[in-house]
Amino acid sequence: MPNITFILPDESQITVAANDGDSLMQTAVDNGIEQISADCGGCCSCATCHCFIDNSWKEKLTPADDMETDLLENAIDNVQENSRLSCQIFLAPEHDGLVVEIPESEW
Amino acid sequence: MSCIIIGASHGGVQAAINLRAQGYTDPITLISADKVLPYQRPPLSKAFLQNTLPEQRLWLRPETFYTQKDIDLRLGTRVVKIDRQKQLVVLDNQEQLSYSKLILATGASIRKLTIPGSDLEGVHYLRDHQDTLGLRDQLPEANNAVVIGGGYIGLEAAASLKKLGKNVTLLINSERPLQHLTSPVVSEYLSALQKANGVNIEVLAGATAIIGEHNKVVAVQAANGKQYPADIVVAGIGVNPEQSLAEDAGLAVENGIKVNQYMQTSDANIYAIGDCVSFYHPMYQKQMRIESVQNATDQAKTAALAICGTLTPYSATPWFWSDQYDAKLQIAGISAGYDEVVVREESEKSLAVFYFSGDNLIAVDAINQPKSFMITRKYLHSLPKVNKIKLADCSQDLNSIFTE
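If you're matching them up, the sequences are chains C and B in order. This note's numbering applies: residue 1 is where the first sequence begins, and numbers increase by one. This note's numbering applies: residue 1 is where the second sequence begins, and numbers increase by one.
Be aware that one or more of the hints could be misleading.
[Said to hold, decoys possible] To give an idea of the interface, some chain B residues facing chain C are shown, with a C-beta separation under 7 Å as derived from the structure: (1) ALA21; (2) TYR24; (3) VAL36; (4) GLN40; (5) PRO62; (6) PHE65; (7) GLN330; (8) PRO370; (9) LYS371; (10) MET374; (11) ILE375.
[To be verified] Ranges between beta-carbon positions, derived for each pair: (12) B/PRO229 - C/GLU104: 51 to 57 Å; (13) B/SER395 - C/LYS58: 31 to 37 Å; (14) B/ASN224 - C/VAL16: 53 to 59 Å; (15) B/HIS381 - C/ASP54: 52 to 58 Å; (16) C/ALA92 - B/LEU88: 27 to 33 Å; (17) B/LYS385 - C/ASP54: 38 to 44 Å; (18) C/ALA92 - B/LYS163: 24 to 30 Å; (19) B/ILE389 - C/GLU104: 45 to 51 Å.
Don't read these hints as lab results, they were simulated from the structure. Quantities reported herein were computed from a predicted structural model and do not represent experimental measurements. Beta carbons: idealized from backbone N, C-alpha and C, even for Gly.
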């Protein structure tokens, strides 16, 4: 059960215990973090679950596939090098302490 | 003050969420005819049917969410009447609940087969959680499946049943799948995909009768004169807007409950959102009814804002998605009424079909080409004039085409 910290657009923080195997998006939704709207339910179709994850975590995360990269690069104006779709990140114990920044929704 | 929401699918749940997010502190009652927690519908014909999505992942929100947000979720409950004068709704247990604002998120109900044999055991539909569970229960002893209907549900059901190892025949009464929803290019791609995966697609072959033995399905008779053996039949032949409560209450109805740009019905205290709604879309400048998750959730946001005093006209760009085998279809806009298509083919497996009305781009169907979907969705709102020759040329950068 990794602990995950979400930094919301208003800079407030919330730390929650995630279930192993759940996606980051699911964890946010289950914990009432409505800034992640996740319209397509997590099938990598919409890019409404955009988040930023510090590069120091890069090695512990499955890299974005072509679908995710294309959605990110073309959908969102404030895409950064550390942008990810939270529905494509599945959590394991090694992600304990992960900090996720949620940008203001563009949708 | 209190708000009652009738219907707890994508739209109803989103409305409750957004009311709370907007600071609405009065009681919210969310009424659902389903007995289970509010759930996502798209997986019902895909991952949930294939049994690759566990049930708890189907729920839109965990049970604790509703108590935390002080949302009175009434499951297994139907509203039988709206009394607009007294501003109350009557439930099927005769209980009366009063409202100051009412949101109708009643969705759409399945069109049922009316051909002979339609009530035989083994005939299924895919609209509700219970429908998918009922079909799943029968799968172990079924080898032959006949899917009736060449819309998205028919195509997705065929793909799911094929993945589950069934012999699948897809019966379509028109010349091609998605005939009224997409261009021949997309229909051909999806037909070929089904065939390559082993589905027998029959066009101009609507089902004319379901044949049974001992009250159970054994075959389907089609308009092409042939009979197809079937242990199970799945019909996806469309839905009708669920507007009877509104109609009985005397609200304006015309292929859906009529609403203004703030999702307000002809009664200022009653709003309506989602599949059940007929609205004027400013993008396309015509009256529309859209069946989609995006439309339901975005209209929910508009209605919640209006109830909380912020009037923002609804004008969201429609978008949709479908998954079949390895094809991810993403759609932005509504292609109905197009007069020209431009195809951008990046590879055999990746193409986008852009729909034009005159010089204006009105929609895109992107198959395994998320870039075309995303960029179009970003710019589609103004129905932009884009260079068709460059659009068809994959060496031209798509962003530049839209911004030049």
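Numbers of the earlier hints that this structure fails to satisfy, in rising order: 2, 3, 15, 16, 19
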